[in-house]
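Chain order of the listed sequences is A and B. Every position in the first sequence, counted from 1, becomes a number in our numbering once 214 is added. Every position in the second sequence, counted from 1, becomes a number in our numbering once 141 is added.
Treat the hints as calculated values from the structure; they're not laboratory data. Backbone N, C-alpha and C define an ideal beta-carbon position, used for all residues, glycine too. Be aware that a few hints might be false.
What the hints assert, rightly or not - In silico DSSO-like cross-links for lysine-lysine, where the CA-CA straight-line distance does not exceed 27 Å: (1) B:Lys244 / A:Lys445; (2) A:Lys445 / B:Lys291; (3) B:Lys292 / B:Lys143.
To be verified - Sample of chain A residues with no beta-carbon within 12 Å of chain B, all distances over it, derived: (4) Ser241; (5) Trp273; (6) Pro307; (7) Glu426; (8) Leu429.
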Amino acid sequence: MVLSASLVRYRVENARFKVAHFTDSLSNTYSVRVEIFFATQDGLLAFSGSLLGFGTNEWYFKLSHGLSYGDIYILSEIPNPNDIPLMHNGDYPPWDALWSVVSCPLSNEELCNLVSAECSSLARLRIYIHNCFALLLRHLPSRLRSCVDAKYYIQHTVNLHGIMNHIREFFYVDRNNCAVWGFLIPSRLTYEFLPEYLLADGSSYVKPVPLEQLLLFAESDLGLNFCIANKFLPVFF
Amino acid sequence: MKVAAVPWNAFFGYSFPSHLAQRNDLIERDTFYLDHYEHDEIEHSSSLFQLLIFVTFDAYSGKLTIRDDRYLFTLPNGKYAIGLPFHVNLFEPAPGMAYCSLKRGLPFPGVYISCYCNKVIIPKELNPYLDFLLYQAPMVNGYYELTINKKINFISFLWNSHLVGKVGYRIPYSDTDSHRIASSWQFLELPERDELSDLCIRSEESWYLALV
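Generate the whole structure from the sequences, applying the supplied hints.
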């Protein structure tokens, strides 16, 4: 069994989240997922399945990534957070297996101990989630550039300290027992990461979706539902 | 039953205050009103959003705590719930409705709006399912009238053609009530859950707090 590929799971004990041991039963456990939404002026960006390379849908309204044991290892090992770790042959790793670029030398029990120690407190988990968010964020424009044309220079080094105050974070529990840490990138920053000329060239990979169309999917996609509530609905004072 | 609703495009982005500002007929000094419609006529409308307040019954022990225990009950359809939905009415209290008011907010230029949920009246037919309210909430003419008097700060989620805000009604509890209350996690493990209660729980940040 390759533990790196397994999702980190939590069990609720006395109303507290505790990291479950990898040999425990999966029932009543919760995995953790990072979801990233990119706002436009009047809606959200959608990404093609061919760009993201996961799932069976034609388009996705979010980047979604379940936190695995391997992710925790690789995020603790990356020396420079602005490097994009690639496979040995120079290819990008699959979205759902970013950990596969580094072979983990730890035994399952050692990796489990590392994850238990690192993910048991909110402060530590927050660091890993934010690093995972940054890694996903760096992958996206780089992959898009490789799909369309390499002539564009893409600013894919992300200084999180400068932008985190502008990114809305929200939390929810999905219907399939995922505790989700959501990020909503405001339109101004969306166009910084993915300039409009790149979006125009990559229209078969990325497209803006206006709100009235998003509403059609809000019932089935809880993340989208809560994101719309966060982004578009009025705040009372 | 007349309920408050707004055209869907008036409620998004920054257009809600300007939508209200353009309707002089809906402004009376510092109070704003919305158009009200017959509920059955707009229930399946795709052009109007109805406002809904979801009231949860929070178990309050008098101690400062981050626990989110709530009274659990079953609805007439047999499903478990932790709260009840009320359509918003800005003109008069009525059974099944949340009597709310929209007030001008901060004294800055532009229209800043505060939404107050003043009172909700529970339909009589639900009384047998809410026995924990007995002696804890005032009853008027056979209806439980819950005085809320709290601000609704934001819309939490969308549900069909409804925009749902949440508010809690505190009920003092003792240990003898412990079998009737449930935390968010306990609720999520129940087999038959009411859809709105489920959405309400899922939209909360409790998993994040559970790591503290």
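Do the hints match the structure? See the list:
{"no.": "1", "hint": "B:Lys244 / A:Lys445", "in the structure": "holds, 22 Å"}
{"no.": "2", "hint": "A:Lys445 / B:Lys291", "in the structure": "holds, 23 Å"}
{"no.": "3", "hint": "B:Lys292 / B:Lys143", "in the structure": "holds, 22 Å"}
{"no.": "4", "hint": "Ser241", "in the structure": "violated, 10 Å"}
{"no.": "5", "hint": "Trp273", "in the structure": "holds, 20 Å"}
{"no.": "6", "hint": "Pro307", "in the structure": "holds, 28 Å"}
{"no.": "7", "hint": "Glu426", "in the structure": "violated, 8 Å"}
{"no.": "8", "hint": "Leu429", "in the structure": "violated, 7 Å"}
In this structure, the earlier hints numbered 4, 7, 8 are contradicted, and the remaining ones agree with it.
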